[in-house]
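Enquirer: Residues per chain are reported as follows:
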Amino acid sequence: MSSTSSPDWAALSPAASSSAELERGYRRLIAFYPRSFRKQNAEEILAVLLATAHEGQRRPGFAEAADLLRGAARMRMGLSRAPRTVLNAVRLMYLGGVAHLAVLITILVTAGDVRSAVRSAVLQHDHAVSAVVLGKVLSTVSAALIVNIVAGALLTVAWLWLAYLTGTGSAWARVLALIACGFSTMDVGINMAQGDATYAPAAMIASGVVWAIGLAAVTLLMWKPSWAYFERRTAAAE
Amino acid sequence: MTIRPMQEATFLILTALADGNQHGYGIINDVAGISGGRVRLRAGTLYTALDRLRADGLIDVDREEVVDNRLRRYYRLTPEGGRRLADEAARLQANATAAMQRLKRVNVAKPALGVI
Numbered sequence: 040m041s042s043t044s045s046p047d048w049a050a051l052s053p054a055a056s057s058s059a060e061l062e063r064g065y066r067r068l069i070a071f072y073p074r075s076f077r078k079q080n081a082e083e084i085l086a087v088l089l090a091t092a093h094e095g096q097r098r099p100g101f102a103e104a105a106d107l108l109r110g111a112a113r114m115r116m117g118l119s120r121a122p123r124t125v126l127n128a129v130r131l132m133y134l135g136g137v138a139h140l141a142v143l144i145t146i147l148v149t150a151g152d153v154r155s156a157v158r159s160a161v162l163q164h165d166h167a168v169s170a171v172v173l174g175k176v177l178s179t180v181s182a183a184l185i186v187n188i189v190a191g192a193l194l195t196v197a198w199l200w201l202a203y204l205t206g207t208g209s210a211w212a213r214v215l216a217l218i219a220c221g222f223s224t225m226d227v228g229i230n231m232a233q234g235d236a237t238y239a240p241a242a243m244i245a246s247g248v249v250w251a252i253g254l255a256a257v258t259l260l261m262w263k264p265s266w267a268y269f270e271r272r273t274a275a276a277e
Numbered sequence: 205m206t207i208r209p210m211q212e213a214t215f216l217i218l219t220a221l222a223d224g225n226q227h228g229y230g231i232i233n234d235v236a237g238i239s240g241g242r243v244r245l246r247a248g249t250l251y252t253a254l255d256r257l258r259a260d261g262l263i264d265v266d267r268e269e270v271v272d273n274r275l276r277r278y279y280r281l282t283p284e285g286g287r288r289l290a291d292e293a294a295r296l297q298a299n300a301t302a303a304m305q306r307l308k309r310v311n312v313a314k315p316a317l318g319v320i
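So the sequence lines, in the order shown, correspond to chains D and P.
The numbering used here puts the first residue of the first sequence at 40, with every later residue one more than the last.
The numbering used here puts the first residue of the second sequence at 205, with every later residue one more than the last.
Bear in mind the hints are in silico, worked out from the structure with no lab data behind them.
Virtual Cβ for every residue (Gly too), placed ideally from N, Cα, C.
Careful: at least some of the hints might be erroneous.
Stated by the list, open to error - Beta-carbon label-pair distances, calculated as ranges: (1) 115(D) <-> 265(P): 16 to 26 Å; (2) 273(D) <-> 302(P): 36 to 46 Å; (3) 265(P) <-> 186(D): 53 to 63 Å; (4) 226(D) <-> 224(P): 55 to 65 Å; (5) 102(D) <-> 307(P): 32 to 42 Å; (6) 115(D) <-> 260(P): 16 to 26 Å; (7) 224(D) <-> 308(P): 50 to 60 Å.
Stated by the list, open to error - One-sided and incomplete, this derived list gives chain P residues near chain D with beta-carbon spacing under 8 Å: (8) 228; (9) 229; (10) 232; (11) 246; (12) 248; (13) 249; (14) 252; (15) 255; (16) 256; (17) 259; (18) 261; (19) 274; (20) 275; (21) 276; (22) 277.
Claimed, not checked - Rough simulated footprint, nothing fancy, chain P against chain D, three-plus residues with beta-carbon under 8 Å: (23) 86 to 95; (24) 99 to 108.
Given the sequences, and given the hints that come with them, work out the whole structure.
Expert: Written as structure tokens, this is what we have:
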């Protein structure tokens with residue numbers, strides 16, 4: 040492209056090198072978008088970004104970068120085409136996942152305390168308790184803790200996965216969410232009947248909050264605009 | 205589909221395209237002009253919106269051209285997009301008219317509040 044008689048000024052000028060640097064910066068951000076979208080739109084977005092950049096800009100601005108990453112995240116989660124009801128349901132589901140994670144971390148952090156509290160309670164009750172009996176009690180406590188930890192980890196993953204599935208408009212997501220909500224309602228009901236509210240109020244409140252989040256998410260998914268969205272996505276998938 | 209309020213960015217993008225086909229950079233400038241410089245669309249927001257509007261069938265790609273080695277894709281409003289924009293504009297206008305009429309009545313009753 041350059042002529043043979045003059046040096047390639049464009050390559051030497053500081054303006055050209057800064058714009059090449061800027062282009063690389065933008066390309067790195069665009070790389071976060073899904074491949075199918077990039078294939079169609081990467082060059083076009085790049086052109087717009089370079090056109091809106093100000094003179095001598097060397098790297099993407101913070102707000103620009105945040106906006107691109109936000110768009111990429113929404114698209115990756117399939118949320119860019121979702122109506123607000125689905126969007127809010129998915130947000131609630133991620134919140135539910137985080138709540139389970141918080142419960143899980145609490146159990147992990149306090150597991151030692153629980154064991155020593157049980158140990159001192161047993162010793163207070165019966166000073167002459169045999170080591171075998173104490174060992175049995177403590178291993179039961181450990182088993183219960185492990186069950187809770189495993190269940191907590193599984194539930195955290197399940198919530199996050201369901202949130203992702205819902206965002207992508209999977210027809211299964213709604214069915215699974217409905218079933219999960221039914222089980223969770225039963226679980227909370229059973230715990231309530233067993234009197235958890237009196238002897239474990241904190242655990243009861245935590246599971247009540249998670250249950251309410253789930254119920255709100257499922258309600259949003261059953262809303263009319265959500266129906267239309269899932270029908271469209273199902274039709275598009277076929 | 206139920207009629208629900210359109211997001212302002214969506215409304216302004218469709219309005220920009222109602223005047224003729226435009227490419228991404230053109231839409232950003234036009235939207236800034238329509239909104240009196242208040243709404244400056246960022247590229248990420250614009251292309252997320254364009255992707256959704258295309259999926260919903262409200263806009264479509266008109267043509268592509270290459271200017272200075274850069275790709276330009278022109279978008280146009282579909283008939284369905286035009287209808288949705290007209291519905292939304294009518295809805296906004298009805299609300300605005302009601303507000304203006306009531307404010308006028310208040311002003312007539314209490315001239316001291318004329319600054320509203």
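Enquirer: Evaluate each hint against the coordinates.
Expert: Okay, the hints, checked on the actual structure:
no., hint, in the structure
1, 115(D) <-> 265(P): 16 to 26 Å, "holds, 23 Å"
2, 273(D) <-> 302(P): 36 to 46 Å, "holds, 40 Å"
3, 265(P) <-> 186(D): 53 to 63 Å, "holds, 55 Å"
4, 226(D) <-> 224(P): 55 to 65 Å, "holds, 58 Å"
5, 102(D) <-> 307(P): 32 to 42 Å, "holds, 36 Å"
6, 115(D) <-> 260(P): 16 to 26 Å, "holds, 20 Å"
7, 224(D) <-> 308(P): 50 to 60 Å, "holds, 54 Å"
8, 228, "holds, 4 Å"
9, 229, "holds, 5 Å"
10, 232, "holds, 7 Å"
11, 246, "holds, 4 Å"
12, 248, "holds, 4 Å"
13, 249, "holds, 6 Å"
14, 252, "holds, 4 Å"
15, 255, "holds, 6 Å"
16, 256, "holds, 5 Å"
17, 259, "holds, 5 Å"
18, 261, "violated, 10 Å"
19, 274, "holds, 4 Å"
20, 275, "holds, 4 Å"
21, 276, "holds, 7 Å"
22, 277, "holds, 5 Å"
23, 86 to 95, "holds (count 6)"
24, 99 to 108, "holds (count 5)"
Hint compliance for this structure: hint 18 is the single one not met.
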